[in-house]
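Q: Here are the chains, one letter per residue:
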Amino acid sequence: AQTVTQSQPEMSVQEAETVTLSCTYDTSESNYYLFWYKQPPSRQMILVIRQEAYKQQNATENRFSVNFQKAAKSFSLKISDSQLGDTAMYFCAFMKHRGAQKLVFGQGTRLTINP
Amino acid sequence: DVKVTQSSRYLVKRTGEKVFLECVQDMDHENMFWYRQDPGLGLRLIYFSYDVKMKEKGDIPEGYSVSREKKERFSLILESASTNQTSMYLCATQGRLNQPQHFGDGTRLSIL
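Protein chains in written order, with our numbering: chain V, 1 to 115; chain Y, 116 to 227.
Don't read these hints as lab results, they were simulated from the structure.
It should be emphasised that the depicted structure is a prediction, and the values quoted were computed from it without experimental measurement.
It cannot be assumed that every hint is accurate.
Here are the computed lysine-lysine pairs in the DSS-like style, where the Cα-Cα straight-line distance is at most 25 Å [what the hints assert, rightly or not]:
#1 Y:K170 / Y:K186
#2 Y:K168 / V:K96
#3 Y:K133 / Y:K170
#4 Y:K133 / Y:K185
#5 V:K96 / Y:K172
#6 Y:K186 / Y:K172
#7 V:K96 / Y:K133
#8 Y:K172 / Y:K133
#9 Y:K118 / Y:K185
#10 Y:K186 / V:K96
Based on the sequences and whatever the hints tell you, model everything.
A: Have a look at this one:
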């Protein structure tokens, strides 16, 4: 079975700073997908970024980028030039490449961006 | 854009009641999922469905059942609600294999 661990329950940074959220996972699969989802106070779960395990290159979406270390089973999210609108719960999630395509989520990190 | 609509944003029910949570999607997606979200536990999969009338258990199916009579609608049923089922429930859809899932706004359910 797969597990996902987010070891930082809460984080807080000043606006415009850079922040990194940690995520580790455990799996015996060789091919899979990793995601970061954002859940603002409005509760809508929004996809932030997606990484395919067989791709060496780290995914990037504007101010959001990941550091994917497959051997270490680590998948951290970096938010550059943080904005007030980045305040949200952030979830790391794992999905197998084949078979049941359920998402396995971490516990979440509550990120607060202060003005 | 994918639209996933959950019938209620907030719901209050009593123990022992039969509770229905409805989820409707407008994108003709094959795959639909029900998760529950609890503080400190993240989201956990209750049931999912790959097609009409097809269902599979997730990680925490006890006390729940589901129904998918039409492709666009996936219902979660609490047969006899209990206080430990007080939680946030999120529905999600997936258009094709290996694509991200799209979520509804969630139903915050309280069982008194």
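Q: Work down the list of hints and note, for each, if the structure agrees.
A: These are the hints, each one checked on the structure:
no.	hint	result
1	Y:K170 / Y:K186	12 Å, holds
2	Y:K168 / V:K96	24 Å, holds
3	Y:K133 / Y:K170	20 Å, holds
4	Y:K133 / Y:K185	21 Å, holds
5	V:K96 / Y:K172	16 Å, holds
6	Y:K186 / Y:K172	18 Å, holds
7	V:K96 / Y:K133	34 Å, violated
8	Y:K172 / Y:K133	19 Å, holds
9	Y:K118 / Y:K185	16 Å, holds
10	Y:K186 / V:K96	24 Å, holds
Violated hints amount to a single one, hint 7; each of the other numbered hints is respected by the structure.
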